[in-house]
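Counting in my numbering, the sequence shown runs from 4 upward without gaps.
Among the hints, a few may not be true.
Claimed, not checked - With beta-carbon atoms standing in for the labels, derived distance ranges:
hint : residue 1 : residue 2 : range
1    : G127      : L254      : 14 to 24 Å
2    : E158      : S44       : 12 to 22 Å
3    : T239      : F198      : 15 to 25 Å
4    : I50       : G162      : 43 to 53 Å
5    : D126      : F198      : 20 to 30 Å
6    : A48       : S135      : 13 to 23 Å
7    : R255      : K196      : 29 to 39 Å
8    : R122      : K196      : 20 to 30 Å
Hints in this document: simulated from the structure, not taken from any laboratory. The beta carbon of each residue, even a glycine, is placed where N, CA and C say it ideally should be.
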Amino acid sequence: MIATGSFLAAAALMLLFAPLVLTAGRWQVHHPRTALTLWFSALFAGIGCAVASATTALMCCVEAVEVHGPAEGLLLTIAGWLSLGIFAAVIVLVSASAEPLADSWREAVGRLAPVAVSREESDGVTLVWFESEEPAACAVPSGAPEIFLSTALKELLSGPQLRAVIEHERAHLRQHHGWAVRIAEINALCLPKRFPAGRALKRATLLLVELIADDAAARRAGAVHLANALATMGRTTGDPGLELRADRLTLRRWKTPRSRRAALARA
């Protein structure tokens, strides 16, 4: 039972202390990919410890029946099956939480599809333009990935800025950020509200995937173009978060893309 308690204690420590460690300082903003990896490593390590705790508890039950008296064996058996019952309840809760999230996502896409005015293929992704007075862009992961773009966005941004926004959304699709966000949302729903780990992971995931996509788009389309696009969208929509992301891009030092370096060398 020592192993069972150790695994259970490790899972509890992950739950309580991971948010405190991973939110210390500002390093996440400068290294979003590393931060997201550590967040999910802590999550899956905690889940692994919980599973190991339940498994070792059941193994102890079997050994207790063989080695100890029937009374002690019965108590350990009850404890082991109780652990597995809790684990099964968590699985049921995860399944029940995942379906409403999927329905919500499908409803959001369903509202945009009927107002689509045009579609075009772009490097394996369908760009879906829809009529709206609000500048907006949204990546839709599916069997046939799509990026929904509002007509107001095309009117607001220049060509290079629009390309940078599309590259940002393409990065979400390419790096499967939709799955990361959904896992974080389910985790937040499963954990009791008095534990900050669930809400902290969700907040961190929503921020970090945007910063990771910003970095990927900046490398492919130019940090200046993406920063200008974010700043323009931020001023238009009144969203200070977009302007803060634009400031982050302008304060970072970026390597010159290889193709541009070659062009400068030829000049």
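Each hint tested on the structure:
| no. | hint | verdict |
| --- | --- | --- |
| 1 | G127 - L254: 14 to 24 Å | violated (33 Å) |
| 2 | E158 - S44: 12 to 22 Å | violated (43 Å) |
| 3 | T239 - F198: 15 to 25 Å | violated (38 Å) |
| 4 | I50 - G162: 43 to 53 Å | holds (46 Å) |
| 5 | D126 - F198: 20 to 30 Å | violated (42 Å) |
| 6 | A48 - S135: 13 to 23 Å | violated (42 Å) |
| 7 | R255 - K196: 29 to 39 Å | holds (36 Å) |
| 8 | R122 - K196: 20 to 30 Å | violated (42 Å) |
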